[in-house]
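J.: Work out the full structure: start from the sequences and follow the hints.
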Amino acid sequence: MNLPTLGLRRKRKAAARRGRGEALLHLAGPAAAARGRKAAARKRRAPRPPRSRREGSRAWVRKAIGFLVFVEVLLLGGHAVRWARTSPLFAMEEVVLTGYRTLAPEEIIRLSALSSGMNLFEADLEGVRGRIEAHPWVRRARVRRRLPHAVHVEIEERLPVALIGGGAAVDREGVILGPAPRSGACLPRLEGYEKAGARPGEALGGPDAAAGLAAAVLFAGAPVLRSECFSVDRPRGGRLRLRGMGGALELLVSEAGMADQAARFRSVARRILRDQASRSAGPIELDLTFPGR
258 MNLPTLGLRR KRKAAARRGR GEALLHLAGP AAAARGRKAA ARKRRAPRPP RSRREGSRAW
318 VRKAIGFLVF VEVLLLGGHA VRWARTSPLF AMEEVVLTGY RTLAPEEIIR LSALSSGMNL
378 FEADLEGVRG RIEAHPWVRR ARVRRRLPHA VHVEIEERLP VALIGGGAAV DREGVILGPA
438 PRSGACLPRL EGYEKAGARP GEALGGPDAA AGLAAAVLFA GAPVLRSECF SVDRPRGGRL
498 RLRGMGGALE LLVSEAGMAD QAARFRSVAR RILRDQASRS AGPIELDLTF PGR
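Take the sequence shown: its position 210, counting from 1, is numbered 467 in the numbering used here, and each next residue is one higher.
Everything labelled a hint here was simulated from the structure, so no lab data went into it.
Given the structure is predicted, the values throughout are model-derived calculations rather than measurements.
For each residue, glycine too, the CB sits at the ideal point set by N, CA and C.
Fair warning: there could be bad hints in the mix.
[What the hints assert, rightly or not] Pair ranges (Cβ atoms, derived): (1) Leu530 - Glu459: 51 to 57 Å; (2) Ser524 - Arg496: 18 to 24 Å; (3) Pro464 - Arg521: 19 to 25 Å; (4) Thr355 - Gly495: 41 to 47 Å; (5) Glu364 - Ser524: 39 to 45 Å; (6) Arg439 - Ala370: 27 to 33 Å; (7) Pro464 - Thr355: 33 to 39 Å; (8) Arg342 - Gly478: 49 to 55 Å; (9) Gly494 - Arg403: 55 to 61 Å; (10) Leu404 - Glu459: 36 to 42 Å; (11) Ser511 - Gly458: 29 to 35 Å.
T.: The structure is reproduced here in structure tokens:
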């Protein structure tokens with residue numbers, strides 16, 4: 258299908274600012290300006306006589322013709338839409354997928370219900386987006402046409418940050434994703450956060466879940482816990498207990514100011530590891546006492 262090209266006439270423009278106002282001046286060049294001055298002088302010298310009845314009828318005919326042309330354009334536009342929806346020139350041949358990590362491309366295609374040969378303009382892209390976003394691992398999806406033969410599907414997957422009972426993964430928003438993918442990384446385990454009868458796609462919800470997820474995210478990157486499988490207990494009295502290193506490490510973390518506590522813990526852990534590397538093998542002694550407590 259050959260689409261008409263649009264020719265753009267270039268015009269020189271200048272903008273002059275005066276106070277808060279703005280004026281836009283269209284400059285067409287000296288020759289055009291001279292012609293404009295001559296035409297204005299002719300108009301001043303010879304006032305236009307009133308239109309006769311015949312001229313009025315001609316103006317009415319011109320308006321009628323313009324209206325008929327407008328109606329014809331609308332009708333042709335309707336024919337063009339019907340032609341595009343049935344033309345084999347816009348038959349779907351491929352789907353371009355981007356953004357997936359855990360989900361298999363075949364699974365995304367199955368969810369989209371797109372098929373080869375489907376007309377691009379007949380495809381319900383909003384329905385495709387809704388079906389893909391209904392999957393627990395998909396946080397957001399964007400679907401658009403790529404004429405003449407493709408559909409582009411861009412997804413944003415949810416990233417697992419912790420595990421709950423049964424080994425189900427959850428993201429930082431508390432959405433249950435289902436079985437965690439196999440990988441070398443060890444996700445923090447939330448102890449006591451199981452939700453009876455919960456299915457993938459549902460959220461844990463509640464302030465306790467928000468605190469546990471925040472602790473899992475903030476402390477997972479700490480040097481001592483980075484390669485360890487640690488657990489996070491439900492808060493009691495405004496504090497959470499973190500256990501790691503096979504039970505050799507226990508941390509009491511307050512719900513208030515958790516980000517500052519995590520930053521301090523990372524700083525202490527880096528210092529411990531640095532001192533341990535510079536010493537010979539042996540135990541590390543830490544004096545955490547201070548006067549008054």
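J.: Among the hints numbered above, which are violated by the structure, and what are their numbers in rising order?
T.: Of the numbered hints given earlier, the structure breaks just one, which is hint 1.
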